[in-house]
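Q: Single-letter residue listing:
Number of protein chains: 2
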Amino acid sequence: MATPMPQPEQSEPDARRYAKLPDPFPIWRGGVLHGAQIAYETWGRLNAARDNAVLLFTGLSPSAHAASSPQDPRDGWWQRMLGRGLAIDTGQLFVICVNSLGSCFGSTGPASIDPATGRPYRLAFPDLSVEDIARAGYEVARSLGIQRVDTVMGPSLGGMVVLAYAALFPGTARRLVSISGTLAASPFAIALRSIQREAITGDPDWRHGNYTADRLPRTGMSLARKLGTVTYRSAAEWQQRFDRQPVRPDLKRNEPFAPEFSVQGYLESQARRWINAFDANCYLYLSRAMDRFDLGAHGDPAAVLGKAGLEQALVIGVESDLLFSIAEQRAVAQALQAGGAATRFAPLQCIEGHDSFLIDIERFGRELRAFLG
Amino acid sequence: MATPMPQPEQSEPDARRYAKLPDPFPIWRGGVLHGAQIAYETWGRLNAARDNAVLLFTGLSPSAHAASSPQDPRDGWWQRMLGRGLAIDTGQLFVICVNSLGSCFGSTGPASIDPATGRPYRLAFPDLSVEDIARAGYEVARSLGIQRVDTVMGPSLGGMVVLAYAALFPGTARRLVSISGTLAASPFAIALRSIQREAITGDPDWRHGNYTADRLPRTGMSLARKLGTVTYRSAAEWQQRFDRQPVRPDLKRNEPFAPEFSVQGYLESQARRWINAFDANCYLYLSRAMDRFDLGAHGDPAAVLGKAGLEQALVIGVESDLLFSIAEQRAVAQALQAGGAATRFAPLQCIEGHDSFLIDIERFGRELRAFLG
Numbered sequence: 044m045a046t047p048m049p050q051p052e053q054s055e056p057d058a059r060r061y062a063k064l065p066d067p068f069p070i071w072r073g074g075v076l077h078g079a080q081i082a083y084e085t086w087g088r089l090n091a092a093r094d095n096a097v098l099l100f101t102g103l104s105p106s107a108h109a110a111s112s113p114q115d116p117r118d119g120w121w122q123r124m125l126g127r128g129l130a131i132d133t134g135q136l137f138v139i140c141v142n143s144l145g146s147c148f149g150s151t152g153p154a155s156i157d158p159a160t161g162r163p164y165r166l167a168f169p170d171l172s173v174e175d176i177a178r179a180g181y182e183v184a185r186s187l188g189i190q191r192v193d194t195v196m197g198p199s200l201g202g203m204v205v206l207a208y209a210a211l212f213p214g215t216a217r218r219l220v221s222i223s224g225t226l227a228a229s230p231f232a233i234a235l236r237s238i239q240r241e242a243i244t245g246d247p248d249w250r251h252g253n254y255t256a257d258r259l260p261r262t263g264m265s266l267a268r269k270l271g272t273v274t275y276r277s278a279a280e281w282q283q284r285f286d287r288q289p290v291r292p293d294l295k296r297n298e299p300f301a302p303e304f305s306v307q308g309y310l311e312s313q314a315r316r317w318i319n320a321f322d323a324n325c326y327l328y329l330s331r332a333m334d335r336f337d338l339g340a341h342g343d344p345a346a347v348l349g350k351a352g353l354e355q356a357l358v359i360g361v362e363s364d365l366l367f368s369i370a371e372q373r374a375v376a377q378a379l380q381a382g383g384a385a386t387r388f389a390p391l392q393c394i395e396g397h398d399s400f401l402i403d404i405e406r407f408g409r410e411l412r413a414f415l416g
Numbered sequence: 044m045a046t047p048m049p050q051p052e053q054s055e056p057d058a059r060r061y062a063k064l065p066d067p068f069p070i071w072r073g074g075v076l077h078g079a080q081i082a083y084e085t086w087g088r089l090n091a092a093r094d095n096a097v098l099l100f101t102g103l104s105p106s107a108h109a110a111s112s113p114q115d116p117r118d119g120w121w122q123r124m125l126g127r128g129l130a131i132d133t134g135q136l137f138v139i140c141v142n143s144l145g146s147c148f149g150s151t152g153p154a155s156i157d158p159a160t161g162r163p164y165r166l167a168f169p170d171l172s173v174e175d176i177a178r179a180g181y182e183v184a185r186s187l188g189i190q191r192v193d194t195v196m197g198p199s200l201g202g203m204v205v206l207a208y209a210a211l212f213p214g215t216a217r218r219l220v221s222i223s224g225t226l227a228a229s230p231f232a233i234a235l236r237s238i239q240r241e242a243i244t245g246d247p248d249w250r251h252g253n254y255t256a257d258r259l260p261r262t263g264m265s266l267a268r269k270l271g272t273v274t275y276r277s278a279a280e281w282q283q284r285f286d287r288q289p290v291r292p293d294l295k296r297n298e299p300f301a302p303e304f305s306v307q308g309y310l311e312s313q314a315r316r317w318i319n320a321f322d323a324n325c326y327l328y329l330s331r332a333m334d335r336f337d338l339g340a341h342g343d344p345a346a347v348l349g350k351a352g353l354e355q356a357l358v359i360g361v362e363s364d365l366l367f368s369i370a371e372q373r374a375v376a377q378a379l380q381a382g383g384a385a386t387r388f389a390p391l392q393c394i395e396g397h398d399s400f401l402i403d404i405e406r407f408g409r410e411l412r413a414f415l416g
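Taken in sequence, the protein lines are chains A and B. If you count the first sequence from 1, you need to add 43 to reach this note's numbering. If you count the second sequence from 1, you need to add 43 to reach this note's numbering.
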């Protein structure tokens, strides 16, 4: 049976490196992984003291390719933020971006081969938590000989991961940056993510996780991505951007209730790209891990973060974020401050919603540059 | 073939009356209906001058049963708002609530029998617009001998309908109340509604509209309703109401990615009730009609509303509304004011989002009582 994850062509540029995880690798909610690995990319140079590393976790769907490099000159997901002379200045810092455990861009996840069976894990993959993603990133840093990172940083899911990292590995990060994250998934975000998951599990082609490459659960994946695209943005931005313009002629379809407006065409093209790039089971595991995240499971958040030994923290959030409200950002900052880290809270007025960190490079870059510089 | 719409038992109380629409009944985007009817309910008494009528249009899914009456003592969807001595005082006013054309609670819609074929219209129903719903309500008032209503009123979809009514039938309403409506559907709301429709049309059991009563497109309908439930409320309300409480034991399911949190159980129970109450094709038609609504199609909104001859208007909106933003409410009020109606704009601080008019009876009731009284 073909693995459902599209494999890159041999000829494509590839800057990924791979860290073998300890075998067995313990899973937070029980069980272990054997022979697991994490794909990562790096920029800049680790200095002799090994104390200039930024460990960067991603949101739910990106790969480790945050920016271009000689090995892979394609633009990354944070291309204008990360590089020599940019806000995350790789002239000074050694940046490691990890593809999350459970994802499908080189790290072990539900689409990977289970060494015990020789077939993809699919739903036999263990019960993934944000804590497992944090542990896997920690092991990548260790594999590079780094005992303590200068900064652990992440947006969205990554903003949860950095808090789990601080809880699990006290003393191993000097600074922390949480971008549009939260102390615990909110019921509103849980509701939206659970609808996305149900769109996939309700698609007959999902086949309880046993879909094939030639018959992916496209309808469910498309719905999930479209809903994601909506909730990652804001009404105000779309009013400016799309208003009530008609759909592009090439996205019209001769069928009942076909797209009529430009915004529908935009959702459609986003969804088509994503269906071919992301594995459905990996999405389900990562999405559920986000719902389950609650720093409170480790104890009182301020006490947990107090033990982490952070010197400084930066919390950036966005007023227009539907999924991770500005109140949640404030709560993260308050817990870090109460835990003893010198914390800056930056509530930004961007109109691009949850995804603002990908778009409003100017506002986010200003905060990151000032904090890291 | 059974009609997909559940029929009430003979023994159930029923306060509905029916108005025959003119035959042929012209459809805004082309075509006609033959033998069409509108179900409506009334409260209070029409006075001798026939000038105390409130014509009430509904949101997308309610029936005409806005409140109890001797003929049907069950609670209605606006039970605490409408009645003798309540904010909409049926001791003074004669209230007519109409089930929208295109809906499935007694009014003609896609689930009704097409007299030309003897079978349900399904997708052969003509291309419904908000303007058609307005015209059908206008005909109900005419059938009762009312030339000019005291007030035309509606929330949500109804807030669009009252504007279409004002545009199409100048001089036939003295006052207008728009609750959480808009001058034109926004791209953000279009995006969310189009995802809901795609959830239904992507369900194999939808069968291009030819589903059967014993095999409804339950998966798609469930997804559509769950997404509706989320977008009708707000993150702040759900934080208070659900937080991260676990799902009720009776809503747990032994299957992959089953509900874990209370909010998921709430979505599930809301969806189950709705699937058995609403017709999928009717939903699709009404939802698309909302996307297409643009008062600007009738001319400059202020000029159109100026010709309507309204004396007074009340526009109520809610700051936490995700679907019909407070900016849209302000724009409705500005257009009415510019058109010459003495307009009160009431932006309310409710946390229940778009559905606040159903829940925060105190705040909404205060505004309605002051305006109508």
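In short, the hints are calculated from the structure, not lab data. Treat the numbers as computed from the prediction; the structure is a model and nothing was measured. Please note that a few of the clues may not be correct.
For chains that are exact copies, the list does not tell them apart, and a pair is met inside one copy or across any two.
Stated by the list, open to error - Below, simulated SDA-like cross-link-like pairs (lysine to any residue); rule was C-alpha separation at most 20 Å, straight line:
#1 63 <-> 185
#2 350 <-> 212
#3 295 <-> 244
#4 350 <-> 374
#5 295 <-> 251
#6 350 <-> 387
#7 295 <-> 166
#8 295 <-> 170
#9 295 <-> 285
#10 350 <-> 279
#11 63 <-> 272
Q: It remains to establish, for every hint, whether it holds in the given structure.
A: Comparing the hints with the structure gives:
1. 63 <-> 185: within (11 Å within a copy, 78 Å between copies)
2. 350 <-> 212: Answer is within; shortest intra-copy Cα gap is 9 Å, inter-copy 69 Å.
3. 295 <-> 244: Intra 28 Å, inter 16 Å, cutoff 20 Å: inter-copy only.
4. 350 <-> 374: Within one copy only: 18 Å inside a chain, 52 Å across chains, cut-off 20 Å.
5. 295 <-> 251: between (32 Å within a copy, 18 Å between copies)
6. 350 <-> 387: within (19 Å within a copy, 55 Å between copies)
7. 295 <-> 166: between (36 Å within a copy, 19 Å between copies)
8. 295 <-> 170: Classified as between; 17 Å across copies, 41 Å inside a copy.
9. 295 <-> 285: Classified as within; 16 Å inside a copy, 41 Å across copies.
10. 350 <-> 279: neither (41 Å within a copy, 30 Å between copies)
11. 63 <-> 272: neither (33 Å within a copy, 44 Å between copies)
When held up to the earlier numbered hints, the structure conflicts with 10, 11 and fits the remainder.
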